[in-house]
Amino acid sequence: MFEPNYDSRNKYQYIGFLPNSVRIKEHGLWGMNDLDGNEILTSQFMEVFTLSAGNRLIAAREGSFWQIFNLKGDPINNEKYDSLYPFYGMFGMTKIQKNGKYGLLNKMGKVIIPTAYRKIEKFGKGIVLHNFDLSTEFITRKELLQLPEIRHDLKNEQIKSPIKNILKTKITNKHKFY
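Start counting the sequence shown at 8; every next residue gets the next number (my numbering).
Read the hints as simulated data drawn from the structure, not as lab findings.
Since this is a predicted model, take the numbers as computed values, not measurements.
Just so you know, even glycine gets a beta-carbon here, dropped at the ideal spot from N, CA and C.
Hints are not guaranteed to be accurate.
Unchecked claim - In silico DSS-like cross-links for lysine-lysine, where the CA-CA straight-line distance does not exceed 25 Å:
| hint | residue 1 | residue 2 |
| --- | --- | --- |
| 1 | K117 | K105 |
| 2 | K132 | K87 |
| 3 | K32 | K18 |
| 4 | K108 | K132 |
| 5 | K108 | K79 |
| 6 | K79 | K114 |
| 7 | K87 | K108 |
| 8 | K117 | K87 |
| 9 | K117 | K129 |
| 10 | K105 | K87 |
| 11 | K105 | K129 |
| 12 | K117 | K79 |
| 13 | K149 | K129 |
| 14 | K126 | K79 |
| 15 | K129 | K114 |
| 16 | K108 | K32 |
| 17 | K149 | K126 |
| 18 | K129 | K87 |
| 19 | K114 | K149 |
| 20 | K129 | K108 |
| 21 | K18 | K79 |
| 22 | K114 | K87 |
| 23 | K126 | K105 |
| 24 | K87 | K32 |
| 25 | K132 | K149 |
| 26 | K117 | K149 |
| 27 | K114 | K126 |
| 28 | K132 | K117 |
| 29 | K108 | K126 |
Stated by the list, open to error - Restraint-style ranges between C-beta atoms, simulated for each label pair:
| hint | residue 1 | residue 2 | range |
| --- | --- | --- | --- |
| 30 | M53 | F24 | 14 to 24 Å |
| 31 | E156 | F72 | 36 to 46 Å |
| 32 | M115 | N17 | 34 to 44 Å |
| 33 | E33 | G107 | 29 to 39 Å |
| 34 | N106 | E54 | 15 to 25 Å |
| 35 | E69 | Q153 | 32 to 42 Å |
| 36 | F139 | E33 | 36 to 46 Å |
| 37 | L78 | G35 | 22 to 32 Å |
| 38 | K32 | G131 | 37 to 47 Å |
Given only the sequences and the hints, what does the whole structure look like? Please build it.
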């Protein structure tokens with residue numbers, strides 16, 4: 008059986024340069040360094056990647072959960088997600104999944120659509136939100152950029168239909184399809 012050599016000349020199994028950081032793989036686990044070689048995230052993760060190069064957010068998976076960090080290596084919140092799906096080309100938006108429900112983060116890592124939807128997908132110049140009651144809602148890119156951060160102290164009945172109840176003051180051209 009082949010035993011890898013991890014002396015100082017072969018410390019990393021993989022090095023990948025990004026605009027603001029360097030992905031590294033060490034002893035089978037992933038981490039992140041800055042461009043000067045300083046450690047941002049220790050090599051303890053199953054996967055790491057950048058969510059939004061311009062805003063310097065890093066997604067890291069430990070076990071079966073994802074967490075989001077800034078370029079200092081600090082978590083941006085205490086949330087752990089089942090899945091993350093960056094919507095490249097959608098102004099840094101990231102679809103999040105938690106407990107079988109989907110939501111959306113903005114490019115700063117703030118929740119703008121809570122994890123309350125059956126499905127979220129890109130469509131034309133916006134996204135379609137699929138509710139659990141089988142109705143759908145459409146939000147344009149422009150409307151997405153105007154959405155505020157969602158407060159985490161909302162009561163359960165307030166997030167049953169988030170676009171109607173929480174964000175209706177910010178969304179003016181909501182289209183409902185049945």
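Okay, the hints, checked on the actual structure:
Simply put, K117 and K105 have alpha-carbon atoms about 15 Å apart, close enough for the 25 Å limit, and the pair holds. For the given pair, K132 sits about 29 Å from K87 by alpha-carbon distance, which is inconsistent with the 25 Å threshold. Among the hinted pairs, K32 with K18 is consistent with the structure: their alpha-carbon atoms are about 9 Å apart, no more than 25 Å. Simply put, K108 and K132 have alpha-carbon atoms about 23 Å apart, close enough for the 25 Å limit, and the pair holds.
The straight-line distance between the Cα atoms of K108 and K79 is roughly 29 Å, outside the 25 Å bound, and the hint therefore fails. Taking the CA atoms of K79 and K114, the gap is near 17 Å; set against the 25 Å cutoff, the hint holds. Straight-line distance between C-alpha atoms of K87 and K108 comes to about 13 Å, which keeps the hinted pair within the 25 Å bound. Distance hint between K117 and K87 is fulfilled; the C-alpha atoms sit about 13 Å from each other, no more than 25 Å.
Between K117 and K129 the CA atoms are separated by roughly 19 Å; this keeps the pair inside 25 Å, and the hint holds. With a CA separation close to 8 Å, the supplied pair K105 and K87 stays within the 25 Å bound. With a C-alpha separation of about 19 Å, the suggested pair K105 and K129 falls inside the 25 Å cut-off, and the hint holds. For the hint linking K117 to K79, the alpha-carbon distance of about 17 Å falls within 25 Å, and the restraint holds.
For a cut-off of 25 Å, the pair hint linking K149 to K129 stands: about 14 Å separates their Cα positions. For the given pair, K126 sits about 32 Å from K79 by alpha-carbon distance, which is inconsistent with the 25 Å threshold. Our distance criterion of 25 Å between C-alpha atoms is met by K129 and K114, whose separation comes to about 16 Å. Restraint check for K108 and K32: the C-alpha separation of about 31 Å exceeds 25 Å, so the hint is violated.
A C-alpha spacing of about 20 Å is found between K149 and K126, which places the hinted pair at or below 25 Å, so the restraint holds. Only pairs whose Cα atoms come within 25 Å are accepted, and K129 paired with K87 is accepted, the gap being roughly 23 Å. Between the alpha carbons of K114 and K149 the distance comes to roughly 14 Å, so the proposed pair stays at or under 25 Å and holds. Distance check on the hinted pair: K129 and K108 sit about 16 Å apart at the alpha-carbon level, within 25 Å; holds.
Only pairs whose Cα atoms come within 25 Å are accepted, and K18 paired with K79 is accepted, the gap being roughly 22 Å. Annotation: proposed proximity of K114 to K87 holds, straight-line Cα distance about 17 Å (limit 25 Å). At roughly 12 Å between alpha-carbon atoms, K126 and K105 fall within 25 Å of each other, so this suggested pair holds. A C-alpha spacing of about 22 Å is found between K87 and K32, which places the hinted pair at or below 25 Å, so the restraint holds.
Taken as a hint, the K132 and K149 pair is honoured in the structure, with Cα atoms around 9 Å apart against an allowance of 25 Å. The straight-line distance between the Cα atoms of K117 and K149 is roughly 17 Å, inside the 25 Å bound, and the hint therefore holds. Simply put, K114 and K126 have alpha-carbon atoms about 20 Å apart, close enough for the 25 Å limit, and the pair holds. A distance of roughly 21 Å separates the Cα atoms of K132 and K117; the hinted pair therefore holds under the 25 Å criterion.
Proposed proximity of K108 and K126 is supported: the alpha carbons are some 7 Å apart, at most 25 Å. A C-beta distance of roughly 21 Å is found between M53 and F24, which places it inside the suggested range of 14 to 24 Å. Our hint of 36 to 46 Å for E156 and F72 is violated, since their Cβ atoms are close to 22 Å apart. For M115 paired with N17, a C-beta distance near 38 Å keeps the hint of 34 to 44 Å intact.
Judged by the Cβ atoms, the range 29 to 39 Å given for E33 and G107 holds: they are separated by roughly 34 Å. Restraint check, N106 to E54: a C-beta distance of roughly 21 Å satisfies the suggested window 15 to 25 Å. Range check, E69 to Q153: Cβ separation about 34 Å, and the 32 to 42 Å hint holds. Taken as a hint, the range 36 to 46 Å holds for the pair F139 and E33, whose Cβ atoms sit roughly 42 Å apart.
A hinted range of 22 to 32 Å for the beta carbons of L78 and G35 is consistent with their spacing of about 24 Å. For the pair K32 and G131, the beta carbons lie near 38 Å from each other, so the given range of 37 to 47 Å is met.
Violated hints, listed in ascending order, are 2, 5, 14, 16 and 31; each of the other numbered hints is respected by the structure.
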